[in-house]
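K.L.:
Residue numbers (the working numbering), protein chains in the order written: chain A, 1 to 183; chain B, 1 to 220; chain C, 1 to 571.
Since the hints were made in silico from the structure, they are not lab data.
Every residue, glycine too, gets a C-beta built ideally from N, C-alpha and C.
Errors might be hidden in some of the hints.
Claimed, not checked - To give an idea of the chain A side of the interface with chain C (calculated C-beta under 8 angstroms), a few residues:
| no. | residue |
| --- | --- |
| 1 | P7 |
| 2 | W12 |
| 3 | V81 |
| 4 | V118 |
| 5 | D179 |
| 6 | N182 |
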Amino acid sequence: MGSPIKPPDEDWWDVPVNRRESIWLGLSVAWSMILFGWMSLWTRIGDQNPIGETYDVSTEEYQEKVESYREEAETLDGSIVPPSDDIYVAGIRFQWRGLPVVVETGKTYKFHISSYDVQHGFSIRPEDVLSQHTNLLALPGYEWVIEMEFDEPGTYHVICNEFCGVGHSSMHGVIEVRDEVNV
Amino acid sequence: MLDAVTNLVRQGWRNTLSIYYANTPIWRLLKSGALAFLGVFLWAGGNLFLSYLPGARIIDYVIAYGVLVFFYGPFTHLVIIPLVIRWRKRRGGLRNKLAKRMSKINLTFFILLVLVVGTYAPGFMFLSFDVASGGPNINPELGCVDRGDVIECELTEAEGVGQVVVSSGERTLVTVEERPYGFEVRKDEMVEVVGQKSYVVEIRDEDGEMQRRFSRSAPP
Amino acid sequence: MIFDLFDNDYDEDGFRTCNVTGMSIHRSVENPVKVFGLTAVVALVVGGFFAIGVALTRWEFVGLLGPEEFYRWLSLHAWNLLIFWMVFLEIAILYVGGPMVLGRRLPIPKIAKVGWGTMVTGALVINYAIWTTEAPNQAPLLTSYAPLPSSPYFYAGAIIFILGSVVAALPFFVSLWQEKSWGEGGSLPLVTFGAFVTSIIAVEALLGGLAVMVYAFLWRIEILESIDAAVYRQVFWIIGHGTQQINLVAMVTVWYFLTHIVGGAEVVSEKVSRTAFVLYIFFINLGAAHHLLSDPVVSVSWRIWNASYAFYGATLASLIHAFAIPAGIEAGRRRRGKGGGLFGWLTNAPWKNPVFSATIFSIILFGFVGGITGVVMGQVQLNMTWVRTLATVGHFHGTVALGTTIAFMGLVYFVIRTMFMREFRFGRLASLQPYLYAATMTAATLMLMYIGLLYGVPRRIHSVVRDIPGTDFSLSAAEPLMMIFGVFALLAIISGAAFVVVALASVLFGEKKVPGSDLVPDGGVDFESDEPVHKFDMRGTFVITLIFLGAFIVVYIANWYLLSQLWSIGP
Numbered sequence: 001m002g003s004p005i006k007p008p009d010e011d012w013w014d015v016p017v018n019r020r021e022s023i024w025l026g027l028s029v030a031w032s033m034i035l036f037g038w039m040s041l042w043t044r045i046g047d048q049n050p051i052g053e054t055y056d057v058s059t060e061e062y063q064e065k066v067e068s069y070r071e072e073a074e075t076l077d078g079s080i081v082p083p084s085d086d087i088y089v090a091g092i093r094f095q096w097r098g099l100p101v102v103v104e105t106g107k108t109y110k111f112h113i114s115s116y117d118v119q120h121g122f123s124i125r126p127e128d129v130l131s132q133h134t135n136l137l138a139l140p141g142y143e144w145v146i147e148m149e150f151d152e153p154g155t156y157h158v159i160c161n162e163f164c165g166v167g168h169s170s171m172h173g174v175i176e177v178r179d180e181v182n183v
Numbered sequence: 001m002l003d004a005v006t007n008l009v010r011q012g013w014r015n016t017l018s019i020y021y022a023n024t025p026i027w028r029l030l031k032s033g034a035l036a037f038l039g040v041f042l043w044a045g046g047n048l049f050l051s052y053l054p055g056a057r058i059i060d061y062v063i064a065y066g067v068l069v070f071f072y073g074p075f076t077h078l079v080i081i082p083l084v085i086r087w088r089k090r091r092g093g094l095r096n097k098l099a100k101r102m103s104k105i106n107l108t109f110f111i112l113l114v115l116v117v118g119t120y121a122p123g124f125m126f127l128s129f130d131v132a133s134g135g136p137n138i139n140p141e142l143g144c145v146d147r148g149d150v151i152e153c154e155l156t157e158a159e160g161v162g163q164v165v166v167s168s169g170e171r172t173l174v175t176v177e178e179r180p181y182g183f184e185v186r187k188d189e190m191v192e193v194v195g196q197k198s199y200v201v202e203i204r205d206e207d208g209e210m211q212r213r214f215s216r217s218a219p220p
Numbered sequence: 001m002i003f004d005l006f007d008n009d010y011d012e013d014g015f016r017t018c019n020v021t022g023m024s025i026h027r028s029v030e031n032p033v034k035v036f037g038l039t040a041v042v043a044l045v046v047g048g049f050f051a052i053g054v055a056l057t058r059w060e061f062v063g064l065l066g067p068e069e070f071y072r073w074l075s076l077h078a079w080n081l082l083i084f085w086m087v088f089l090e091i092a093i094l095y096v097g098g099p100m101v102l103g104r105r106l107p108i109p110k111i112a113k114v115g116w117g118t119m120v121t122g123a124l125v126i127n128y129a130i131w132t133t134e135a136p137n138q139a140p141l142l143t144s145y146a147p148l149p150s151s152p153y154f155y156a157g158a159i160i161f162i163l164g165s166v167v168a169a170l171p172f173f174v175s176l177w178q179e180k181s182w183g184e185g186g187s188l189p190l191v192t193f194g195a196f197v198t199s200i201i202a203v204e205a206l207l208g209g210l211a212v213m214v215y216a217f218l219w220r221i222e223i224l225e226s227i228d229a230a231v232y233r234q235v236f237w238i239i240g241h242g243t244q245q246i247n248l249v250a251m252v253t254v255w256y257f258l259t260h261i262v263g264g265a266e267v268v269s270e271k272v273s274r275t276a277f278v279l280y281i282f283f284i285n286l287g288a289a290h291h292l293l294s295d296p297v298v299s300v301s302w303r304i305w306n307a308s309y310a311f312y313g314a315t316l317a318s319l320i321h322a323f324a325i326p327a328g329i330e331a332g333r334r335r336r337g338k339g340g341g342l343f344g345w346l347t348n349a350p351w352k353n354p355v356f357s358a359t360i361f362s363i364i365l366f367g368f369v370g371g372i373t374g375v376v377m378g379q380v381q382l383n384m385t386w387v388r389t390l391a392t393v394g395h396f397h398g399t400v401a402l403g404t405t406i407a408f409m410g411l412v413y414f415v416i417r418t419m420f421m422r423e424f425r426f427g428r429l430a431s432l433q434p435y436l437y438a439a440t441m442t443a444a445t446l447m448l449m450y451i452g453l454l455y456g457v458p459r460r461i462h463s464v465v466r467d468i469p470g471t472d473f474s475l476s477a478a479e480p481l482m483m484i485f486g487v488f489a490l491l492a493i494i495s496g497a498a499f500v501v502v503a504l505a506s507v508l509f510g511e512k513k514v515p516g517s518d519l520v521p522d523g524g525v526d527f528e529s530d531e532p533v534h535k536f537d538m539r540g541t542f543v544i545t546l547i548f549l550g551a552f553i554v555v556y557i558a559n560w561y562l563l564s565q566l567w568s569i570g571p
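This is chain A alone, in the form it adopts within the complex (with noise of 0.2 angstroms):
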C-alpha cells in the first residue's frame, strides 16, 4: 500500500485525500482558472496583445509593396516617413526592408511584417531603456498587419532575434519616434 511500483489496493479510487491536498487542489484550480482568465481578458481590455490580420502573400507580391511604398514615401534625415498609417517592413537577410522609419507619437500605425526570404525574428526595444522589449516575428508567404502606438519619443532599435543564417547578428534597423514629424 502506498508503492507506487505495485498495484494499488482494489479500492484506491475510493481511499478518501488528505484535507490538505484537497485544499491545494481547490487552490490549483482556482489559479489555472485566473491564469486562463486573465490572459483571455487581457486581449479584450490590454494594451499589449500580438494580435493582428495575417494575409497570405507571395514573396514577390510583398516584394512589390515594399518597394512602391518606399518610392511614394518621403525622407526625413534618411528616415522613411510613411505616407499614411501603413508601415512596411521586410525581413531580408541580414537587413530590415522599410526601416529606418520615422513616426510619431500617439499616432496609430500599422506595421505590415513579412519576409523575402526565411524566417526572421521583429524585436524592438528603446535605446535608453532596453529593458523594454518585444518581440513579433516575420515569415515568409505571410503579412501580418499590426498596430502599435508609441507614447514615448526615442530610438527604437530593431535586431532579428530568429536564426536566419550566418550574419543573423548583423541584422539592424531603427524606428524614430518622435512628438513631430514634419516633413
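Once you've looked at the hints, dock chains B and C against the given chain A.
P.N.:
Below, chains B and C alone, put in the same frame as chain A:
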C-alpha cells in the same frame, strides 16, 4: 470566524519561527541557497523595475536588500550560526552571553545595513539600461540587376566599407577592394540549393571584420 | 571486463530479486536498460563538450568561436542534450517502468536491439550532418528554420532517429498488453502508469516529428517545390516541444519512483496522482502552441485555447504533482516515525545519498525555476517579452538542464548502484556532485533569464552584446550579467563533467557489490503500518507549496505590470 483567523495567523507565525530557527546542516544549506536565490531575484528584479520607474527611491532599498542578502544570508547560515552554536555549548563567559543574543543582534545589524546601503545607494548595485555608443554605422545599399547569365551589383552609400567579398557556397567568387565596389557574378558559378542559385555579399571594414552581409538568390 | 558489466547473479530462468526495491528483474530487461542508459551518458558527454564552445562564445568577453562554428556547436549541443541524452534515457525509463516493475521479461528483445541500433544510427547521422554543414546549408540548431536549408542528411537522420525511438518503445507497449491479457488484472502500479502516459505523449510527439521531417526532407531534396514556413513551425513544435513534454512526464515518473525507493515516499492518493497523469494525456501536448504565440497566422482563440493547455489542464496536473510528491515523502516518512515538527521529515532524509539529493533538487528547481517561468512566458501577451530571448533559454535550462537532467543523473546513480551493482568511485564527489551542479547550473540559468528579460538579448545568435557589426548599437549594458553567466556556465559544465567522471569511473572501476541497506530508507521499502498514508500530517508540504504559489503569484504580477507599461501593440 475571528478565532479561525487568529489561529491561522498564530500557526503561520509559529511556522515562520520554526523555519527561522531551524539550523541543522541541510537546513542551513537550503536556506543559504534560498536566500542567495531571493537576493539575485530582488537585485535583478529591482533593477528591472527601476528602469521602468526611474527615481522610485523605495526600489533602492529592495535592491540593497537583494544584494546584501545574497552575501549575508549564506554568510549567516554557513559561518555565523555554526560559530554561535559552538559558543552556546561553552559554559558561561562572554561568548556564551553573546551567542544567546546573537540572533537578534545579527538581524538588527543586517536591517541597519540594508537601510544604510539603501539610503546611500552606491553605484555598484545598479545595472544600466542604455546604449553605450559602439562602432560606426556602416549601412551600404546593395542594388543588383539580373542580366541573364550574370548578376550585376553595385554598392551605394559605401562609407566605412573596406572590402567586398562575394561567395557562393564555400567558394569565394569575387573580391572587390576599390570604390565604387561594383561587381558581376556569373550564375553558372553559383551553388544551387532547394532549386535556387544563391550568393552572399559580405561587406568588411578596413580591418577585414565583417560589418554587413547580404544573402541573395538569383532568378533562374 | 565489458561482459562483466552485463552479468548479475540471475537464477535459471534469468530472474533475480533486487534487494533494494524488491522487484523481480529479468536479464532481458536489465541489460537493455544499462545499454540505453550508457548510450544516454555518451550523448551527455558529447553535448556537454559542445556546451563549452557555446558558453564561451555567448560569453562575448571570451568570444571563442566565429559565427559558423558557433552555430554548428550550438546545434550539436542542442541535439545531443535536448534529444539524445533525454530520449535514450527515456527508453530505459520505459523498460524500467514497464517490464521491470511488472516483473516480466522484455518482450520482443530483438526489436529493442533494432530500435537501439536505429536510434544510434540516426544520432550519428545527425551529428555527422551538423558537423559537416557547409554553405549554403546552415546549421539547423534544434529547429532547422525552414525555408533556411540544412544538410539533407540532417532531415534524414532525424527521420531515422524518430523511427528508431518508436521501434524501441514497442517492447514496452507489448509488455503492457501482456500484463493486461495475462496478468492478475487490477490496476497498473503508478510508475508503470506514468511510464505508459509518457509513452502515449511520446508517440504523439514522434508522429508529429515524423510528419514534419518527412515534409522538410522532401522539400530539401527538391521533390516538393516549396515549404510553408508557418506549417513547418506548427508541425515542428509538435515534436520540438513534445519531446520536452516527454521529458517532463518521464521526470515526474522518476520522481515518484526514486522518492519512494531512496526517500521512503508513498503515494498519498492514487486517485489524485493518476488523475493528474490523465490530464497530461489530454492537454500537455497542446502546450507546443506556445511557440507560435508571437507569430502571425494562427487566430487569437486558437492561441488562448492551446497556450492555456485548454484552461491550464496540464498546469493543474503539474501543480497536483508538486504537492503529491513532497507530500508522499512527508507522509511516508512520518509513517516510519521519521517526522518531527514541520520539516523534520525533510531534514533527516538521506541528503548524502546523491540519488536522493538529486531527486529533491530536481523537484525544487524544476518548480521554482522552470515551471513558473514556463507558465508565465506561455501567456499569450507576456510571451512577446520572453520569446526568442535568452530568457527562453533560461526557462528551458530550468526545466531540462536543472529539472530533468538532475533527476536523470539521480537515476543513473541509482542504476549504477542497483543494476551495475558498483560502489561509487570518488564517493565524496558523488555525494557533492548534485549540490555543485544544482547550484552552478541554477546561477547560470537565472542569469540567462535575467539577461533575456532585462536586456532582450536574443537567443540563437553569435554576438550581440559587445557589438552588433556595422552599427553603433549594441546591448553592451548586459555585460555585467553576462560576466556572471559566463563564470557559472563554466562551473556548471565542470560540475556536469564531475557527474560523468563519477558515473563512468564507478561503472568501469567500481567495486562490484550487491547494494547495501544504505540505499533503502528508514524502515525499508516495504514498510507496513496499519495507519493509512493519507491520514498522516502533510503540513510541511502545505507550507512549501504555499511558498511556491506565493512566488508564482509575485512573478506573475510583476511580469504583467511590466508588460502593461510598454507601448501599445495590437488592437
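K.L.:
With reference to the structure, classify each hint as holding or not holding.
P.N.:
Against the structure, the hints come out as follows:
no.	hint	in the structure
1	P7	5 angstroms, holds
2	W12	4 angstroms, holds
3	V81	19 angstroms, violated
4	V118	4 angstroms, holds
5	D179	14 angstroms, violated
6	N182	22 angstroms, violated
Consistency note: the structure conflicts with the earlier hints numbered 3, 5 and 6.
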